[in-house]
Every structure is written in structure tokens, then in C-alpha cells.
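2 protein chains.
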Amino acid sequence: MDKKVDAESVAKSEQNAMNAITIDCVVFGFDEGSLEVLLVQHAEGISKGKWGLPGGWIYKKESTDNAAHRLLNELTGLDNIYLEQLKAFGDPDRFPLRRVITIGYYALVKREDYNIKAGFTASDAKWYKINSIPDLIYDHNEILSYSIQNLRNRVRQAPIGFNLLPEKFTLLQLMHLYEEILGIEMDKSNFRRKILHMKLLVALDEKQQDVSHRAAKLYKFDPDIYKKLTEKGFNFEF
Amino acid sequence: MDKKVDAESVAKSEQNAMNAITIDCVVFGFDEGSLEVLLVQHAEGISKGKWGLPGGWIYKKESTDNAAHRLLNELTGLDNIYLEQLKAFGDPDRFPLRRVITIGYYALVKREDYNIKAGFTASDAKWYKINSIPDLIYDHNEILSYSIQNLRNRVRQAPIGFNLLPEKFTLLQLMHLYEEILGIEMDKSNFRRKILHMKLLVALDEKQQDVSHRAAKLYKFDPDIYKKLTEKGFNFEF
Chain A
1 MDKKVDAESV AKSEQNAMNA ITIDCVVFGF DEGSLEVLLV QHAEGISKGK WGLPGGWIYK
61 KESTDNAAHR LLNELTGLDN IYLEQLKAFG DPDRFPLRRV ITIGYYALVK REDYNIKAGF
121 TASDAKWYKI NSIPDLIYDH NEILSYSIQN LRNRVRQAPI GFNLLPEKFT LLQLMHLYEE
181 ILGIEMDKSN FRRKILHMKL LVALDEKQQD VSHRAAKLYK FDPDIYKKLT EKGFNFEF
Chain B
1 MDKKVDAESV AKSEQNAMNA ITIDCVVFGF DEGSLEVLLV QHAEGISKGK WGLPGGWIYK
61 KESTDNAAHR LLNELTGLDN IYLEQLKAFG DPDRFPLRRV ITIGYYALVK REDYNIKAGF
121 TASDAKWYKI NSIPDLIYDH NEILSYSIQN LRNRVRQAPI GFNLLPEKFT LLQLMHLYEE
181 ILGIEMDKSN FRRKILHMKL LVALDEKQQD VSHRAAKLYK FDPDIYKKLT EKGFNFEF
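Chains A and B are the protein sequences, given in the same order.
First residue of the first sequence: 1, per full-length UniProt numbering; consecutive thereafter.
First residue of the second sequence: 1, per full-length UniProt numbering; consecutive thereafter.
Errors might be hidden in some of the hints.
Dumping the calculated DSSO-like pairs for lysine-lysine here, alpha-carbon to alpha-carbon at most 27 angstroms [stated by the list, open to error]:
hint	chain 1	residue 1	chain 2	residue 2
1	A	232	A	110
2	B	60	A	48
3	A	60	B	48
4	B	129	A	188
5	A	117	A	48
6	A	232	B	199
7	A	228	B	228
8	A	61	B	60
9	A	228	B	199
10	B	12	B	110
11	A	194	B	12
12	A	60	B	12
13	A	50	A	117
14	B	232	A	227
15	B	60	A	232
16	B	194	A	12
17	A	194	B	217
18	A	199	B	199
19	B	60	A	228
20	B	228	A	199
21	A	199	B	60
22	A	227	B	194
23	A	232	A	207
24	A	168	A	110
25	A	199	B	232
26	B	228	A	232
27	A	228	B	194
28	B	207	B	227
29	A	194	B	110
30	A	194	B	188
31	B	61	A	232
32	A	194	B	199
33	B	228	A	188
34	B	168	B	188
35	A	232	B	227
36	A	60	B	61
37	A	228	B	232
38	A	60	B	220
39	B	232	A	232
Calculated directly from the structure, the hints in this document are not laboratory data.
Build the full structure now, drawing on both the sequences and the hints.
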């Protein structure tokens, strides 16, 4: 850990912070076909020993966006991540000690690109598979559910999530990414037909190497179409 | 005004409120072909006499959603409006007196369905055309710009805004709604071809009545397709 967690540093940090509003980050990771979320175990306070989304207080002199990046870095070691604001969660009873509103942020990363290291008020930080999430502190299970639903809506409307694949990939790999995020099973030939119809992919003159099954054709994204679809959106119905 | 604005009622109201977080509402109205936004003139405090978005402090015991509805009602008389959360605006310098984060809400209504009545801390409330917005308090011009951009993205992806038209309408009326929200001019035959291709509209066996020009055919929405597109989204490129 870079920072020693002691009562003094925690108290000092809270003194400089706004006392009625926090940030919580939902970082989704994709790894070998499975969708995961980054959780931290609290090292102190009323939630000691429990798991939750990485988050905390906003300093009086930093923007909410900067607070989200700082907190994520302090608690998990993650840096340089594209975090997007999700929404504010404002139920009056969501935090047990007093009225606190939290602003949710979220990100979608390729898990293998990042090293996790628990820090500051976190005693542990790790990736949990979406279908085996423990009981989280406060309303964090609810925030996570909302984020998953939001992610599902978004992958149907824009090619986000495609950056979770290697540069060259098979149609089956792409389908598995969609299946995992949407939590559904898809029909292979139906998927193939629809995705090729979008003209988003460029078929390469290459096949998979070193696989035990019949090698599949590799594809990459057409950068122009990808950019256009990211800005304009599409509607991907399965 | 239903409530008398005096120093006591304002002080009492602030005492029961969270002191670092507010709500601001962007209510878009559509009326006779023009897009407008509802603004209020402040009757007291540092922003007295200036115009801004209807908003204010959140009570300690109400949800953010309830606060948005209450504030809008207190300041403008509007009630029973579908308000949706936009995002939180968290620049550390956005409010001059101290650090305050605001949560934006927004709505899109048929202007003629509502009566506006300034109340509580507002000395006036009125609709302003999108292209003649005055200098607003704090970062409200910025919040409004963000909301307009958000609205433009959304009308391209789902049939929101269609409830701003009468039940039976001409293709030209529908095109003018899109033109006004998107701030662009469209090509009539192009629009006609694309919108009919979506099969969202049902052509009626009726024409406009009492018009000086050649009466145009009337359409209505196919409720099933409308519902499906609202949930699933579409991509409407012009």
C-alpha cells in the first residue's frame, strides 16, 4: 500500500471533504469471456470487513470527475481509466449514519490491461464475476444492478465493449462478449448474419492459429464505420 | 402565489435542507413549432432579479426525485411531469458562495397542457425560446446546453418527442418538430421516405381541415411499433 491508513489520515481526509455527497465507481472488466466487477473490502469505519464499490468523499476543491479518478486510484491502484458519470443515487435512507447522496461512475475495461492493488481505506480489492456478487454495503447492490442494465442498453445502441476484444478476433469471440454482457444465449447464424449486415467488420485473410478445433476466420473493426457508429449509434436487436 | 416568500420561510426551508447539493430542472416545452425552456426569475438571495433554471435545495428527508418534483411545483406551478435525471454537475467553482453540486433533471412537455405560475422564491416564471436564452445564473447556461445536446441525441434514438404533436398530424408537422429540436433544416422527400420506412406511422383516410393551402394527409402513430421503438430504440439518421 502506498498510503498508511491511520485514524489521523482518514479524519484529515474527511475534514477536507463535502459531508453529504460521495462518489461510487462501477468498473466492469472483461476477461477470457467473463464479465466481472471490481470490488473493495473496507479496512475501517462502520463497513469494516464488508465489500463495496470503490468510492468515498469528494474534496471541497476537486471536481466530481477528478474525485472519481482519485478515489478509484487510491483504493484499487487503477489509473487512466475512462470513467463516465452514470447518475446520482438519492434515496434518503441509503446511508445509515446520515443523509448522503452518491454519484455513480462507470467504466468498462479489458481486465488484463490493469493491475489491482488495494490501498488507503481498502484492505483488499478484487474482481468478482457478475453472477457471484456478495452482499455489498449500503445500496451498492442496487447501484451495480442499475449499472448492468445501463451497460446492456448501451451495447445494443453503440459499439462500446468492442475494445474489450483483441485487435483480430473471431465472430464467436464477439458473440461471446455480447452473450456475457447481455446475459443471454444467442443463435450463431443469426448473430453472424446481423453483425455482418452492419458492415462494421472487415474480414481478414487470416485464420486463428494454434487452436485444437477448426481454425475460424479472423475479423477486425472498420475504424471509420466504428467511429461513425460510436457517434451516431445503431440498434442491435437479437 | 400560494406561499408567501419571507425571510423566515426561506431560512426554515434551508435549515431542513442538505447544504452542499441542489437540484436544477430543465423543462423543455414545444409549442406551435418552437422549442422553449422554462425559466424562473429569482425573488431573493444573491441571484435576485436574475433568471435561472427552476431548482433549489434538497430536504434531508426526501429523495432527489421527490425534491425535483417539489421544487418545480413550488417555483412554477408545474405538476405531474415526467422528470428524468440527467447528470450531476460538479465543478468546484460553479456556485459562488460555497461548494455546491447540482443534480440536473429534465422533461419534455406539450407547453399548452400546462399553466405556469411563479411561486415561493421566484418572482416570475416563463417560457423562453431556445435561441433567445438570457444570461443565466451560475452554470445554468452550461446545464441547458448539455440538456439540449442530450435531447438531440435522444430524439435520434427513440421516438421521444412524438407526444408533443396532436394525435393526428401531417408529415410536415412531424418534420418541423425534428427540425426544431435538432436545430437543422431537413429535406422534405428524404424525411418522408425515411420516416415511412420505419413503419412507425399509420396513414389515415383523412386530410387536414380548414387550411388555406392544399390539405395534407394525416397520420397517427402505430401504438405497438411506437412502444417497441421506445423500448428498443432506433437510429434515425437524417
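Satisfaction of hint between residue 227(A) and residue 232(B), Cα-Cα up to 27 angstroms:
holds, 22 angstroms
Verify the proposed pairing of residue 199(A) with residue 232(B), using a straight-line Cα cut of 27 angstroms.
holds, 21 angstroms
Quick one, are residue 228(A) and residue 199(B) close enough, alpha carbons at most 27 angstroms?
Roughly 25 angstroms between the alpha carbons, so the hint for residue 228(A) and residue 199(B) holds.
Just to be careful, I want the Cα atoms of residue 228(B) and residue 188(A) compared with a cutoff of 27 angstroms; is the pair within it?
holds, 24 angstroms
Is it true that the CA of residue 60(B) sits at most 27 angstroms from the CA of residue 228(A)?
violated, 45 angstroms
Does residue 227(B) lie within 27 angstroms of residue 232(A) when you go C-alpha to C-alpha?
holds, 22 angstroms
Check whether the Cα positions of residue 194(A) and residue 12(B) lie no farther apart than 27 angstroms.
violated, 60 angstroms
Take the C-alpha atoms of residue 199(A) and residue 60(B), compute the straight-line distance between them, and say whether it is at most 27 angstroms.
Given pair residue 199(A), residue 60(B) is violated - Cα atoms ~52 angstroms apart, limit 27 angstroms.
Are the Cα positions of residue 228(B) and residue 199(A) separated by 27 angstroms at most?
holds, 25 angstroms
Is it true that the CA of residue 60(B) sits at most 27 angstroms from the CA of residue 232(A)?
violated, 40 angstroms
Can the restraint linking residue 194(A) and residue 188(B) be considered satisfied, given a maximum Cα separation of 27 angstroms?
Measuring from Cα to Cα gives roughly 30 angstroms; hence the hint is violated.
Hint check: residue 194(B) vs residue 12(A), CA-CA at most 27 angstroms. Holds or violated?
violated, 60 angstroms
Violation of the numbered hints given earlier is confined to hints 4, 10, 11, 15, 16, 17, 19, 21, 23, 29, 30, 31 and 38; the remaining hints are satisfied by the structure.
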